[in-house]
Amino acid sequence: MTYKLNPDRQTLGNELRSVFVDTLDELMSQNPKIIALEADLGSASGFSNLVKQHDKQLLNVGISEANMMGVASGLSLVGYQPFCHTFAPFATRRAFDQLFISGGYAQTTLNIFGSDPGFTVGPNGGTHTSWEDIALMRMIPNSIVCDPADGVQLAWLIKALAKEKGIHYIRANRKAVRQVYEVGATFEIGKGNILKQGHHVAIVAAGQLVSEALDTAEKLSDMGIDATVIDMFSIKPLDDSLITSLSKAHTHVVSIENHSVNNGLGSAIADVIAENGLNIKLLKIGVNERFGQVGSPDYLQNEFGLSANKILAKLLNFLA
Amino acid sequence: MIMKESKAVASYETVLKLRDAIRLDTLKMLQHMGYGHIGGSMSIVELLAVLYGKQMRIDSQVPDWAERDRLVLSKGHAGPALYATLANKGFFPHDWLFTLNEGGTNLPSHPDRLKIPGVDATTGSLGQGTSIAAGIATGLRLSGSDAYTYLIVGDGELNEGQCWEAFQFIAHQKLTHCIVFIDDNKKQLDGYTADIINQFDIQKKLESFGFMTLKVKGNDLKAIDDATNFLKDQEDTAVAIVLDTVKSQGVPFFENLHDNHSVKFNTERYQLELQKAIDELAARVTIGGENHDL
Numbered sequence: 001m002t003y004k005l006n007p008d009r010q011t012l013g014n015e016l017r018s019v020f021v022d023t024l025d026e027l028m029s030q031n032p033k034i035i036a037l038e039a040d041l042g043s044a045s046g047f048s049n050l051v052k053q054h055d056k057q058l059l060n061v062g063i064s065e066a067n068m069m070g071v072a073s074g075l076s077l078v079g080y081q082p083f084c085h086t087f088a089p090f091a092t093r094r095a096f097d098q099l100f101i102s103g104g105y106a107q108t109t110l111n112i113f114g115s116d117p118g119f120t121v122g123p124n125g126g127t128h129t130s131w132e133d134i135a136l137m138r139m140i141p142n143s144i145v146c147d148p149a150d151g152v153q154l155a156w157l158i159k160a161l162a163k164e165k166g167i168h169y170i171r172a173n174r175k176a177v178r179q180v181y182e183v184g185a186t187f188e189i190g191k192g193n194i195l196k197q198g199h200h201v202a203i204v205a206a207g208q209l210v211s212e213a214l215d216t217a218e219k220l221s222d223m224g225i226d227a228t229v230i231d232m233f234s235i236k237p238l239d240d241s242l243i244t245s246l247s248k249a250h251t252h253v254v255s256i257e258n259h260s261v262n263n264g265l266g267s268a269i270a271d272v273i274a275e276n277g278l279n280i281k282l283l284k285i286g287v288n289e290r291f292g293q294v295g296s297p298d299y300l301q302n303e304f305g306l307s308a309n310k311i312l313a314k315l316l317n318f319l320a
Numbered sequence: 001m002i003m004k005e006s007k008a009v010a011s012y013e014t015v016l017k018l019r020d021a022i023r024l025d026t027l028k029m030l031q032h033m034g035y036g037h038i039g040g041s042m043s044i045v046e047l048l049a050v051l052y053g054k055q056m057r058i059d060s061q062v063p064d065w066a067e068r069d070r071l072v073l074s075k076g077h078a079g080p081a082l083y084a085t086l087a088n089k090g091f092f093p094h095d096w097l098f099t100l101n102e103g104g105t106n107l108p109s110h111p112d113r114l115k116i117p118g119v120d121a122t123t124g125s126l127g128q129g130t131s132i133a134a135g136i137a138t139g140l141r142l143s144g145s146d147a148y149t150y151l152i153v154g155d156g157e158l159n160e161g162q163c164w165e166a167f168q169f170i171a172h173q174k175l176t177h178c179i180v181f182i183d184d185n186k187k188q189l190d191g192y193t194a195d196i197i198n199q200f201d202i203q204k205k206l207e208s209f210g211f212m213t214l215k216v217k218g219n220d221l222k223a224i225d226d227a228t229n230f231l232k233d234q235e236d237t238a239v240a241i242v243l244d245t246v247k248s249q250g251v252p253f254f255e256n257l258h259d260n261h262s263v264k265f266n267t268e269r270y271q272l273e274l275q276k277a278i279d280e281l282a283a284r285v286t287i288g289g290e291n292h293d294l
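Chains A and B supply the protein sequences, listed in that same order.
Letter by letter, the first sequence follows residues 1 to 320 of the working numbering.
Letter by letter, the second sequence follows residues 1 to 294 of the working numbering.
Keep in mind that a hint or two might mislead.
[Claimed, not checked] One-sided and incomplete, this derived list gives chain A residues near chain B with beta-carbon spacing under 8 Å:
hint : residue
1    : L12
2    : K56
3    : A72
4    : S73
5    : I101
6    : S102
7    : G104
8    : A106
Hints were generated in silico from the structure; no laboratory data involved.
All of these numbers come straight from a predicted model, not from anything done at the bench.
Idealized CB from N, CA, C, for every residue including glycine.
Let the sequences and hints guide you as you build the complete structure.
Shown next, in the form of structure tokens:
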């Protein structure tokens, strides 16, 4: 792991769909065994831009997500490394048995990019909202589940997972998000990144909410509360030892995720705390027993309690 | 010329013997277990005999040979018939067959590619094998291989929407080397498909999806072989064969049984009839050849 924080945390990076496509472009040029699959969202993902350069390594299966996962499984059985994209709920909820049986159980290799998870879905509304994709993917034995903080981490993840066999799920916004890391950063799957070392409270976040976690820590600092901030992009495998070590210097831990509080990052942390009898209080910030609804991403982020102000309020209440 | 005729007769005898051996071993496996998917296993015995006895490029000593043809048994509940086939082809020891469904066995009820030499895809959750076969065929074509992928789908399995997703894909991609076989035995677990979800005309449906489709008697070795050869000669089109089969095919008493998807051999009559079929198969002399030079 060699990462540095981007000094200007307000800077937006490249659109994540561009990061996804550009990274695949680079990988495909190096490796003819990499195949990108789409389910008629090529113009949404930017996949269409790949067609000219790599038409033999691209498959648009049409609006058939279950079929896409099966085709990808078959491709992997004859030596290919498939990368499938569709929106997060269709990549997971809709095609779950295919992921589970044709993928996980049969031990094929599937790299899945589920885009626009949680509030990032924006105006596509409740039907297109996924608050449960991490929960589903965690349930597949030996799966890897990641929620990258920014484009630097997303690009690194795609390259890292392209070298691995197994079932891998990455979720991310398609649009630009604030850039947490400097270009060139490297990470380690299964290891959380300590972005700010403090004490008293540890904030463990994933995905683009890592930026909110850093913002929150800054505000806490102004109030005289010194918080640790951790980017737990690797939700499975989880960095259990880091969670364990937090209990030595902190009395409180807060998880923040763009996901249901059931069986996502917060639950994974809760398991570690409970199973190891750690003396630390946990607050899980996420979505609680609600379906999605329509609105802009900003509206939804606030509506579902995941905006910086709402996070801060919950956190202060927890610390009080 | 003599060489060719001699080869043809020998080939037919091989297939005929394999057919009887698959049927016999499958029935013995089910007898040993006391129950099982006799209906859908029996209805693909002839198909398996033609594929493994004549059509497929395989090497049982090198099950994962890269140049091999693949077979995806999407109707995974017919696993026992596939296992009997693979054992007779020498992929694994014959005595494995009598561990079917036992705890820790290499032979689970439905095919598992990680446990069974010669099984190319894990199937059993119906519909999923169709897409896997499509992916295998796509990959083989992309890698420049001329190997075939044989996909066996049940007519009841066609209830699953994923089959039609995969068929659209196979037809659109013109996967000439993915040969789709539909085991049209007209029944599924709860009864006749016509009473549960009518399939209408499967051949016409496949043709409307863009498949060149042939319909043949599913117990006719020569017809299956001829149709396969004919479709292998086609270029630029997806191909399919609808096999007109009978559930529990080749075992008259169980063919006529109303509920014959999965049978429990727990009555004296069933046990006697099963034993009778086994005895007849075991005693059969496979001479054949007069009307069936493959």
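Going through the hints against the structure:
1. L12: violated (37 Å)
2. K56: holds (7 Å)
3. A72: Status holds, d = 6 Å.
4. S73: holds (5 Å)
5. I101: This interface hint holds because 5 Å falls under the 8 Å limit.
6. S102: holds (5 Å)
7. G104: With Cβ-Cβ at 10 Å, over 8 Å, it is violated.
8. A106: holds (4 Å)
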